[in-house]
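For the protein sequence lines, the chains are A and B, in the order given.
To convert, note that position 134 of the first sequence is 134 in the numbering used here; the numbers rise steadily by one, no gaps.
Residues are numbered in the numbering used here as their position in the second sequence, beginning at 1, plus a constant of 467.
No wet-lab data here; the hints were simulated from the structure.
There are no misleading hints in this set.
Chain B residues, not near chain A, derived (Cβ > 10 Å throughout):
no.	residue
1	Q472
2	F474
3	E476
4	K478
5	I480
6	G527
7	P540
8	P552
Which chain B residues face chain A? A few, computed with CB under 7 Å, are given here:
no.	residue
9	A490
10	P508
11	C513
12	V517
Backbone N, C-alpha and C define an ideal beta-carbon position, used for all residues, glycine too.
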Amino acid sequence: MQRSIVVVGAGPAGLAAATEAATRGAHVTLLDEAARPGGQIYRQAHSALGDSEYAEAGERARKHDILARFQSVASRVDYRPDANVYALFGNGELHVAYGAGSEVLRPDAIVLATGVREMAIPFPGWTTPGVMFAGGAQAVLKSQRVLPGKRAVIAGCGPLPIVVAAQLLRAGGDVAALASLRPLREMLGNPRALWQGRQIFYEGLRYLRTIRRAGVAQLSAHVPIRAIGTERLEAVVLARVDAGGHVVPGAEREIACDLLAVNYGFAANSELAAMAGAELRFDADRGGWLPASDEFGRTSISGLFVAGDVAAVRGALVAEAEGQIVGAAAAVPPKSIGDATMTAALRTALGRRQRHQAFQTAVRTTLRVPRGLWNLTTDDTVVCRCENVKLRDIRSALDAGHSSLNAVKRNVRSGMGWCGGRTCLRAVAALSELHAGIAPPVIMTPRPMVRPITFGAVVAQKKAVDA
Amino acid sequence: MSGFQFFFEGKTIAAREGQSVAAALIAAGERCLRVDEAGLPKGAVCGIGVCWECRCSIDGSADIRACMTLARPGMNVRRQQGLDPCSDQ
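Please build the complete structure, drawing on both the sequences and the hints.
This is how it looks when you write it as structure tokens:
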């Protein structure tokens, strides 16, 4: 009997999972919120604009290959762009909206390949227009062919700010400064891991060369502490921080710019798994709340799988290999998962995942946010942008004894606005830990709809489809 | 339709086919896409449809994400002011 599988997300993990499951004869439905497949990293520009050439050749080749592999089975996959999955229940019912309509799907297996979003550390002035997440600025550049600013300051930790700075320069942009929370040479302490991922490491070196040749000021152990401007960004104040993330007084410098692109790592899009009741674990460096899963992507809920960064942030190459593994696991009868036939066929993917995961352990050290850095959020800083909730409001709720994210939300509305807490939730958790000692954090209960859809779309819902 | 125009707060904005409303506005130097309920100017932040900060009023419909909406010739884009959806045009 043909198994029906719904894959949520068409980034590297979802594309690989859909491709593998379809190759194995499963009936695959691939749901994605974007207009074109690729996810964030392999985001495709509209055909009228053409793809950008600012990324390294290796990355462009990987993008081409994964999309080509998907194309080769696309006639057998029910691919649905512009799909908004807004609820998932423990009985395996998945609710999805498409513009003005919606439906309920009940497949044999669900693979969540929902990836990550960028994690924010709120600081004074960060709501000023012109302050963007680094990946957001990159999305404007690579899928829209528009420079997101005339003069940029790029900041944060991990590899993304470096990639964004180099790509902005290659597109003809002006980068006034690149501020890094941690020196990248921390990665060099793990030569074996670097060797495992040398392909990516060399691409990183070429991005660094672009930055060096352009003469960009590179400030190590510096972070933006204040954005200046009202209607638009005019300048950013950078300051030195010590190893604990505390600002070193007297080492501030103001840099004029109209774009601040900042990234402090990522938050996993694990709301659907959480809503379904899957067991979660918390790993601050790897995306926060992560659905607990085994090597085949099985969560604590029968028939619910996770693949790629939503299972733990490890980058596109791990995601692609893992997508293939999990796609296979979802496609075979549950009893066959992990048997000799299955693992033999997946030997290459299992090896690739292991190799690239080793490299990611080296990257991970650069993504670690020291606890003291959360002091950048002052009492007057807006934490929840949707509802304009300041740290002061959150602290008053905590001081009054509201000692969970749910209770704080109910009392001061943090996480209750348009984005559903996707922008501020990690910050509210970290700030609750810093200021009230609440840890380990329990996720704010995700409820339908995890993202805004119209009432009309719910009313126009088709009956449940038992595929 | 490779190059065309639409309107933002009555101003003419140049766009290219395939660009989002947010991208065309950024290219035109516009940064403030909305003024929120507390009076704070807001612009594009996540660029990928997560944060909803760039929501605008487009052709009379309020709360449309500029970053997720394809620009089209002659579109009328308004900057929402607080709770005013600017849907009267």
